[in-house]
Every structure is written in structure tokens, then in C-alpha cells.
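All chains should be built: construct the whole structure from the sequences, respecting the hints.
So the sequence lines, in the order shown, correspond to chains W and L. Just so we're aligned, residue 1 is where the first sequence starts under UniProt numbering, counting upward by one. Just so we're aligned, residue 1 is where the second sequence starts under UniProt numbering, counting upward by one.
Incorrect hints may appear among the rest.
Intra- or inter-copy, both count: the list cannot distinguish identical chains.
[Said to hold, decoys possible] Here are the simulated SDA-like pairs of lysine to any residue, each with C-alpha atoms no more than 25 Å apart in a straight line:
1. Lys168 with Ser349
2. Lys97 with Asp180
3. Lys97 with Gln52
4. Lys168 with Gln178
5. Lys85 with Arg262
For the record, the hints were derived by calculation from the structure and aren't laboratory data. As the structure is a computational prediction, the values presented were derived from the model and not from experiment.
Chain by chain, the residues run as shown.
2 protein chains.
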Amino acid sequence: MTAPGTDTGTSTLSSVTREDLKDIATGAAILGTGGGGDPYVGRLLADVALAQHGPVRITPLGELPDDAVVVAVGVIGAPTIGLEKIQGAEEVTDAVKALDAALPHPVTHIVCTEIGGGNSMVPIVAAARLGLPLVDADGMGRAFPELQMLTPGLLGISATPLGLADEKGNTLVLRSPQNDWAEHIARAVAVSMGCTASYAMYPMAGADARAAYIPGTLSWAHRLGRLHRRSRSDHRDVPAVIAAELDGRVVFRGKVTGVERRTVGGFVRGRAVLAGAGDPAERFEIEFQNENLVARYDGRIVATVPDLICVVESDGGAPITTENLGYGMRASVLVAPSDPRWRTERGLSLVGPRYFGYDLDYVPFEHR
Amino acid sequence: MTAPGTDTGTSTLSSVTREDLKDIATGAAILGTGGGGDPYVGRLLADVALAQHGPVRITPLGELPDDAVVVAVGVIGAPTIGLEKIQGAEEVTDAVKALDAALPHPVTHIVCTEIGGGNSMVPIVAAARLGLPLVDADGMGRAFPELQMLTPGLLGISATPLGLADEKGNTLVLRSPQNDWAEHIARAVAVSMGCTASYAMYPMAGADARAAYIPGTLSWAHRLGRLHRRSRSDHRDVPAVIAAELDGRVVFRGKVTGVERRTVGGFVRGRAVLAGAGDPAERFEIEFQNENLVARYDGRIVATVPDLICVVESDGGAPITTENLGYGMRASVLVAPSDPRWRTERGLSLVGPRYFGYDLDYVPFEHR
Numbered sequence: 001m002t003a004p005g006t007d008t009g010t011s012t013l014s015s016v017t018r019e020d021l022k023d024i025a026t027g028a029a030i031l032g033t034g035g036g037g038d039p040y041v042g043r044l045l046a047d048v049a050l051a052q053h054g055p056v057r058i059t060p061l062g063e064l065p066d067d068a069v070v071v072a073v074g075v076i077g078a079p080t081i082g083l084e085k086i087q088g089a090e091e092v093t094d095a096v097k098a099l100d101a102a103l104p105h106p107v108t109h110i111v112c113t114e115i116g117g118g119n120s121m122v123p124i125v126a127a128a129r130l131g132l133p134l135v136d137a138d139g140m141g142r143a144f145p146e147l148q149m150l151t152p153g154l155l156g157i158s159a160t161p162l163g164l165a166d167e168k169g170n171t172l173v174l175r176s177p178q179n180d181w182a183e184h185i186a187r188a189v190a191v192s193m194g195c196t197a198s199y200a201m202y203p204m205a206g207a208d209a210r211a212a213y214i215p216g217t218l219s220w221a222h223r224l225g226r227l228h229r230r231s232r233s234d235h236r237d238v239p240a241v242i243a244a245e246l247d248g249r250v251v252f253r254g255k256v257t258g259v260e261r262r263t264v265g266g267f268v269r270g271r272a273v274l275a276g277a278g279d280p281a282e283r284f285e286i287e288f289q290n291e292n293l294v295a296r297y298d299g300r301i302v303a304t305v306p307d308l309i310c311v312v313e314s315d316g317g318a319p320i321t322t323e324n325l326g327y328g329m330r331a332s333v334l335v336a337p338s339d340p341r342w343r344t345e346r347g348l349s350l351v352g353p354r355y356f357g358y359d360l361d362y363v364p365f366e367h368r
Numbered sequence: 001m002t003a004p005g006t007d008t009g010t011s012t013l014s015s016v017t018r019e020d021l022k023d024i025a026t027g028a029a030i031l032g033t034g035g036g037g038d039p040y041v042g043r044l045l046a047d048v049a050l051a052q053h054g055p056v057r058i059t060p061l062g063e064l065p066d067d068a069v070v071v072a073v074g075v076i077g078a079p080t081i082g083l084e085k086i087q088g089a090e091e092v093t094d095a096v097k098a099l100d101a102a103l104p105h106p107v108t109h110i111v112c113t114e115i116g117g118g119n120s121m122v123p124i125v126a127a128a129r130l131g132l133p134l135v136d137a138d139g140m141g142r143a144f145p146e147l148q149m150l151t152p153g154l155l156g157i158s159a160t161p162l163g164l165a166d167e168k169g170n171t172l173v174l175r176s177p178q179n180d181w182a183e184h185i186a187r188a189v190a191v192s193m194g195c196t197a198s199y200a201m202y203p204m205a206g207a208d209a210r211a212a213y214i215p216g217t218l219s220w221a222h223r224l225g226r227l228h229r230r231s232r233s234d235h236r237d238v239p240a241v242i243a244a245e246l247d248g249r250v251v252f253r254g255k256v257t258g259v260e261r262r263t264v265g266g267f268v269r270g271r272a273v274l275a276g277a278g279d280p281a282e283r284f285e286i287e288f289q290n291e292n293l294v295a296r297y298d299g300r301i302v303a304t305v306p307d308l309i310c311v312v313e314s315d316g317g318a319p320i321t322t323e324n325l326g327y328g329m330r331a332s333v334l335v336a337p338s339d340p341r342w343r344t345e346r347g348l349s350l351v352g353p354r355y356f357g358y359d360l361d362y363v364p365f366e367h368r
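And the structure:
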């Protein structure tokens, strides 16, 4: 994940057009490790916004002016609900406007909190509607379920003031001394707003943003999506191509034989069980909280957060988000390394398996 | 309730001193109909604030300047929790400051949302610590459990922007197009903050406040508390004296034989059962949601919201809030008319028995 592979090349986006959306959405849905919300719904929103307002300019992370005011935009809640209660374009900009009104200087740039499913599309909606440039970066290099799990938090940058908005016109601005309290309260608000809401958070100066975010991840999602599309056209083994591109590997190919999923506490939590494609007695299990957290093969752990655990269709390689997992799907599971910041002690305290309640130490998947 | 009785006289407060607190707290706890939170805890907070900052000036409602900026202050949550997680003085002023920062003009006056238990004391804390005058008025003339149940709402005045704060330094400002949404979201926030939080809400101009609030209720609580104290010293039948003063009557004297109480959804909900003092076969029941909602004598309804249903100790007449009801207490139940605004069709749509889920029409207790 640190160095783009040869297959994708190194091209970077200078703007986001309607034509780019599909590739970005696909790439981000793969990197989203099951989370970030349905990319199809997000893409429709972004497509309408770009049709109305034209392409969105892209600012490379390293070119942000020191005095830029950068805010991270997305949707908080349970992706299962997001399939039925689709966020409105209005609520996305309402969240930014609510935060903007509470800041000493106007917002100048939008950035993605996470490269993941719908949450890679929502910042495009905000940027297009507000006429602001989008930064080619994100705060996770993948998707994580909670809002304190951003790389700026590793540098002690506050998630707040934080704007939240829903489709009914409710807005609020939250200030918390600790990012985990911001998550706790914002999650409760999102549940009360109907289990999803739009946010704008981590307002920071350009100088801070350059150090805090992971550069180039929007372009990278775009290239990954393009690679995905082309290797499907060429009838290649898409899961294997994608895994190689991510410096990872395909760890299982099988059929989904069971999905437990419940919407609880503003998340979708549950597990998927797969039986082997060759040998149905082989059992593969994935536990998730919005995103895939832990993967087991016949009871033995194969990978855990923060490493990427991605589920894609075996035939064609389309990424499958946790709310879309269904019985009978033929699926392949890839694992890949996370951004190295998450593999540090500080990173693991925020997003390691113990944070999610597992009594086990993180071991990089390539050492298992 | 519309005209103070002869026993209390018509004296009005020009300031609140430490010596006034006990009488105000007692009077407000009676008018609080079981709700508003423990008056003892609130009184201790107010006593410290007055000791540190001196007496609080009182502004009669009718003397508010047109351009005053008036905000209503109190605590939202379950009073059961308020007994253990006592609100800090800091969080009370944090809520006002958070709201103040979101308003075009600075806050000039504090007012009580409700004359009820601890929530008659919390605004004194805010006024003392911020050096602002307190308006001799409130928005209920009693206590109700939800924040859209204020007389300003009857005039279409918005509860928001609304500031919320907790003891951990979390603050937020909420804006809602509808007051019932503000209640729904603020309640969820209060639960996430630990089941109680301090608020500042209904910011409005003095000209609006003069029309929107119920005048003189702080003085009235003070006079009621003084009457209570004196009639106890004089060994009078305190429940009967208080009931007469409220234009109401004592409807039951008995012993608490059962209390069901659960903290749910940011409220304390439940029921108390009393057996007759003379005939233990007589059964009296009170259902509550923070405040007492419905009273039944042998299954027959005696009174419902918005009329006042007050429980006091039979011996001495000390008011008993719903979180303090306990087995074996000898208690008397008084009922009294609410402010006439609540007995209108519009008032009943906000606070009548149907709002609280009872399939029955409101009938003034004096016609039952």
C-alpha cells in the first residue's frame, strides 16, 4: 500500500469528472475492507453533483497552502441503514456549513476521511456543491468504523469542532476534549437522526494536513479501479491481480454459507461464513463492525485489523461491502498490509484487534 | 395557580440570596410534581455559587428590555442518574457559553425552563457564575419531562439553537427546525454524555420572552416554600395548607407499598402504589415519566397531566420527587390546576395525556 504497484502506474488525478467516478468507487470499495457504505449509492450522489456543478479540482496533499482550512467529510452510521435511508446531497453540505460557521476562517478544502465505499464519494459531493477543491488524500488509507481512527489523531489533532447534519434539517456542532468522546457522542446523535448522518470534522490548517493525512489515496483508488476494470475485460483472475497490486494475497475462495448481521449502536456488526470452493468442508470466517476486522481459516487467524481484509466476487472481482454480503455469493478473500502508520504501537492502540475487543496481539498477516 | 392565594401574600423577589434557596427549592419541588431533579443536590450547587459570587439580581418578566437576550437553563436526563452523577457548576455555564458563542448578540438574562426541583436551582447557578440577572418566570409553571413542553413553544418559538454540556468538557450547539426533533436529539446526546447534561436553550429577545413565559413563578415558589416552612413550624396540616394554596385538594393519604422505576431512554419511568392510611385496602396509583403523569384511586382516574399531581410527606409535607419515592413512606397526594395555557387545545397537544400514550381525554381534575 505504501508504493503503488506497476500495474496501476503512477498517474494522479488533477480533477474528478463523472467518467472517473466508477473507477474511484470500485477502487475505494476494495480498499474499504467491507465498509464505508455502499459505493453504488454514493456514486449516484456524486454523479448528480458533478453533472450539476462540473468537475471537482484536485489539490495534491503536498501542495496545500499553510493557511488552507481543510475539513474531512463523510457519513457516520450503519451501512445497512444507508442502503434504505440514502443521505441527501443537502445534508452533506449542511454539515460543512454548520462547521464552517463555527470556525474563525472559512473552509477552503475538502478531504476524505477514508478511502472506502460511499465515503470516497461523499466528499466529492461536498466539494462539487460548495465549489471547493478536494485534496488527494485520506485519513485511513482504507476504511475504519470509528471517527477517532484517523491518522490526524495519531498526531494529537482534534476531531472537533465537528459538524453533523441529517436530511430533516437538524444540524449541530460538537466540541470534545477527546476524540473518543467525540465518536461516542456523534454516534449517539447519528442513531437519533435515524442511524446515519453526514459529518464534517478535523478542521485543520494546510500545514498540519500535509503531515497528518495519507497522500495520493484518491488517485490510488482511481488507478486500482481502472486496473480492476481492465483486468476484468481481459478475463484475468481479478482477485489475484488486485491482491498482487496491494502487496497482498488471495487467502480463500469459496461460497458464502451464512451471514449474521445486526444493526446495533450505530454500526452493523456480524460475521460471514464461507465454505471452500474446492472442498466445502473448509471453513472461512470473517467478523466485522462495518469493516472486516478478523479473518479465520478453519479456526486459525489469518489476518486482523489494521491489515486489509477484502471480500470480492470470485467471478469479476467486484468488491462486496458487509451490508451487501449474501448467502450463496461466490467470493474471494484478499488480505493486504495497511498503511505503516497503523502498524505502530500508537496506531495499534487506535485500530488494533484489542481495541475491538479481541484478546490477541496484532501480527502482520505476512508473518502468520 | 393563576392567582397566588392569601396565605403566601404577593411579595416578589428582588434578588436571590443563600437564605432564599431553601424556600425556593421546597416550593419548586412541590410545583415540580415529582420531577425536575432532586432539590437538595441543586440547592447545594446554588448555595456554593451564591457564596462565591454573591446574590443574583431578579428581573421581573414585565421589565425585560425588548432587546434583552434571554436563555432558559437547566438539566436534561433521568433524575435517578442525577442523584449519583451530580451536574457540575462548570457544565452549567459551559452550556450557556456554547450557546452564547453561536448567537449574534451576547446573552443578557437567564430564565428557568421549569419551576421544578433541582431545575429551579440550576438557573441560579448559571446567573451567579455568569453575573447575569435571573428572570422571575419559567416556561411551564410546574415541571414537564421534555424540552418542547415550554410555553414559548405554544407561540411557535424555537428551542434552538440549543447548547448542551457535560462535566467532561464536551459541548455542542444543536439547531432543529422542529422542537420535538430538538428534544429527540438532545435526549440522545444527554444519554451518551452519561444520562444527564446541562442545557441552555430557547434564546429569544426580551420582547418575545415577556409574552412567552409565565410571570412571577420564581417568587411564587419562594412564597410557597415559606408557607410550607411556617405551617410546619405551626404544626398545621401542611399537605392541606399547600393544597389550598394551589387551589387544589388532598386526594389521598397513605403509605407507599410499591415503586417500580426504570431508567430508560434518558428518563426515569415507573409507577408508585399507595395503600390507604385509614383503610389499607384502598389503592392509589401514580404513573410517572420523570414527572407524575396520571393518578388513579381504586382504578378510577383522579387527575392527569397537565394538572399537578404532587406527592408530599404526610408528616411535615416535604415534597417527594419520583427518584426518591421509597417503600414505606407515608405520603399524601395533592392535585391542583396547571397554568391555563396548558388546558387549551394547543397546550394539551404538547402535554395532555394522549401525548404521553394514554388513550384518554383530558378532563380538569375538578370536574372528575
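Status of the hints after comparison with the structure:
no.: 1; hint: Lys168 with Ser349; verdict: between (36 Å within a copy, 22 Å between copies)
no.: 2; hint: Lys97 with Asp180; verdict: both (23 Å within a copy, 23 Å between copies)
no.: 3; hint: Lys97 with Gln52; verdict: within (19 Å within a copy, 40 Å between copies)
no.: 4; hint: Lys168 with Gln178; verdict: between (28 Å within a copy, 9 Å between copies)
no.: 5; hint: Lys85 with Arg262; verdict: within (16 Å within a copy, 32 Å between copies)
In this structure, every one of the numbered hints holds.
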